[in-house]
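Please build the complete structure, drawing on both the sequences and the hints.
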Amino acid sequence: MTYTEMVSSEGIIRNQQKTLSMMEFGPDEKPIAIQLFGANPEVMRQAAQIAVEKYGPDVIDINFGCPVKKVVNKNGGAAVLKDMDLTRDIIEATVEGAAGIPVTIKMRTGWDDANPVYIQAGQIAQKAGAGAITLHARSRAGAFSGRADWSAIKNLKDSVDIAVIGNGDINTPEDARRMFDETGCDAVMIGRAAMKNPLIFKHINHYLNTGEKLPEPTTKDKIELALEHARLMAEYYGEERGIKMMRRYLGWYVTGFHNATILRPKLFQVNTLANIEAIFREHLLR
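Just so we're aligned, residue 1 is where the sequence shown starts under my numbering, counting upward by one.
If you're looking for bench data, these hints aren't it; they were derived computationally from the structure.
Glycine is no exception: its CB is placed at the ideal position from the N, C-alpha and C atoms.
Each hint should be verified, as a subset may be incorrect.
To be verified - Below, simulated SDA-like cross-link-like pairs (lysine to any residue); rule was C-alpha separation at most 20 Å, straight line:
1) LYS244 with GLU5
2) LYS54 with GLY100
3) LYS127 with PRO41
4) LYS196 with MET1
5) LYS54 with GLY26
6) LYS127 with VAL59
7) LYS196 with THR261
8) LYS30 with LEU20
9) LYS69 with ASN40
10) LYS30 with LYS69
11) LYS154 with ALA187
12) LYS213 with PHE201
13) LYS196 with ASP221
14) LYS82 with ASP113
15) LYS54 with GLN16
16) LYS18 with VAL71
17) LYS70 with LYS54
18) LYS30 with VAL52
19) LYS202 with LYS220
20) LYS30 with ALA194
21) LYS127 with ASP89
22) LYS196 with ARG247
Claimed, not checked - Derived DEER-like restraints, expressed as beta-carbon distance ranges:
23) LYS54 with ARG177: 36 to 46 Å
24) GLY256 with ALA99: 39 to 49 Å
25) LYS54 with ILE119: 33 to 43 Å
26) THR272 with GLU182: 45 to 55 Å
27) ARG177 with ARG241: 34 to 44 Å
28) THR272 with SER159: 48 to 58 Å
29) PRO31 with ASN171: 37 to 47 Å
30) ARG14 with LEU199: 37 to 47 Å
31) HIS258 with ASN171: 17 to 27 Å
In structure tokens:
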């Protein structure tokens, strides 16, 4: 299952075309969740209704986890967790707007480590009609540093009856297996690890189903995958925009490459598919 990137509820109800385009997906991308953020319950209700009626996702997800300043400064993302009444109102309104489509939430343990609210928020979410909760086992203050506290996922799972999805520090198939075993969660969510290795989903599924590990992708495998990704971006967005958007992903793809610190700045300057192909061809010949 995949999720769209986080979409502004305010942008949706104002009919901002760039915002609306973020909710587009193809039939091969289902099942899919459209993830919304915002701090106004009525706006979230309307946005959920528009998302469901116009795009037909399988799930509407609410982001209560984003730690980015431009989001939390508008009281969105993880900032909502500072107000449990607002958390409840947003979930109830979104459930109403989604009109029967399952609503899930993604959250952190709390605004900071001193004030964990994930148990309370989880129980509120369940009562408000959410169908599942994804917990990134860090606080907003923790950002992406340190180790995720997987015990929080177990605590949440023990405290609610709806599905719990574990998130945080799953980088290998063994990590996924360990999270299931240690927390009892119903599913796992992969975030940053997929940026440098989109094959991680295939590898995790194979490992969970067979107990065997697939061979790690070679440098050549990763380059071929990166080029396919770049071609798809150029096809969907047009080459100029698509390749500029692709730059950040190329930086992730070369994690672990020999001379990655030299390679990465070059990739951040590419403007065409031919540029990318030439840089990778040169790298392989070294």
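Quick rundown of the hints versus the structure:
1. Restraint check: the Cα-Cα separation between LYS244 and GLU5 comes to about 18 Å, which is no more than 20 Å; the hinted pair holds.
2. Pair hint LYS54 plus GLY100 holds up; C-alpha atoms about 15 Å apart against a cutoff of 20 Å.
3. Between LYS127 and PRO41 the CA atoms are separated by roughly 16 Å; this keeps the pair inside 20 Å, and the hint holds.
4. Distance check on the hinted pair: LYS196 and MET1 sit about 19 Å apart at the alpha-carbon level, within 20 Å; holds.
5. Only pairs whose Cα atoms come within 20 Å are accepted, and LYS54 paired with GLY26 is accepted, the gap being roughly 13 Å.
6. A C-alpha spacing of about 18 Å is found between LYS127 and VAL59, which places the hinted pair at or below 20 Å, so the restraint holds.
7. Among the hinted pairs, LYS196 with THR261 is consistent with the structure: their alpha-carbon atoms are about 15 Å apart, no more than 20 Å.
8. The straight-line distance between the Cα atoms of LYS30 and LEU20 is roughly 18 Å, inside the 20 Å bound, and the hint therefore holds.
9. Between LYS69 and ASN40, the direct Cα distance comes to roughly 18 Å. Compliance with the 20 Å bound is thereby established for this hinted pair.
10. Restraint check for LYS30 and LYS69: not satisfied, since their Cα atoms lie roughly 31 Å apart, outside the 20 Å limit.
11. For the proposed pair LYS154 and ALA187, the alpha carbon gap of about 12 Å is at most 20 Å, so the pair holds.
12. With a C-alpha separation of about 12 Å, the suggested pair LYS213 and PHE201 falls inside the 20 Å cut-off, and the hint holds.
13. Restraint check: the Cα-Cα separation between LYS196 and ASP221 comes to about 12 Å, which is no more than 20 Å; the hinted pair holds.
14. Between LYS82 and ASP113 the CA atoms are separated by roughly 12 Å; this keeps the pair inside 20 Å, and the hint holds.
15. For the hint pairing LYS54 with GLN16, the CA-to-CA distance comes to about 14 Å; that is within 20 Å, so the pair holds.
16. Annotation: proposed proximity of LYS18 to VAL71 holds, straight-line Cα distance about 17 Å (limit 20 Å).
17. The straight-line distance between the Cα atoms of LYS70 and LYS54 is roughly 27 Å, outside the 20 Å bound, and the hint therefore fails.
18. Distance check on the hinted pair: LYS30 and VAL52 sit about 14 Å apart at the alpha-carbon level, within 20 Å; holds.
19. A hinted pair counts as satisfied when its Cα atoms are at most 20 Å apart, and LYS202 with LYS220 qualifies at roughly 18 Å.
20. Among the hinted pairs, LYS30 with ALA194 is consistent with the structure: their alpha-carbon atoms are about 18 Å apart, no more than 20 Å.
21. Restraint check for LYS127 and ASP89: the C-alpha separation of about 11 Å stays at or below 20 Å, so the hint holds.
22. As the CA atoms of LYS196 and ARG247 are separated by approximately 13 Å, the hinted pair is consistent with the 20 Å bound.
23. At about 39 Å, the beta-carbon gap between LYS54 and ARG177 stays in the expected band of 36 to 46 Å.
24. The hinted window of 39 to 49 Å between GLY256 and ALA99 holds, with their beta carbons roughly 46 Å apart.
25. At roughly 35 Å, the beta carbons of LYS54 and ILE119 sit within the given window of 33 to 43 Å.
26. In this structure the hint that THR272 and GLU182 lie 45 to 55 Å apart at CB holds, the actual value being about 46 Å.
27. Against the hinted window of 34 to 44 Å, the Cβ-Cβ separation of ARG177 and ARG241 comes to about 39 Å, which satisfies the hint.
28. Between THR272 and SER159 the C-beta distance comes to about 52 Å, which sits within the given range of 48 to 58 Å.
29. For the pair PRO31 and ASN171, the beta carbons lie near 24 Å from each other, so the given range of 37 to 47 Å is not met.
30. Hint check: ARG14 to LEU199, Cβ distance near 38 Å, so the stated range 37 to 47 Å holds.
31. Checked against the hint of 17 to 27 Å, the C-beta distance between HIS258 and ASN171 comes to roughly 20 Å, which is consistent with it.
In summary, the structure is inconsistent with hints 10, 17, 29 from the numbered list given earlier, while agreeing with the others.
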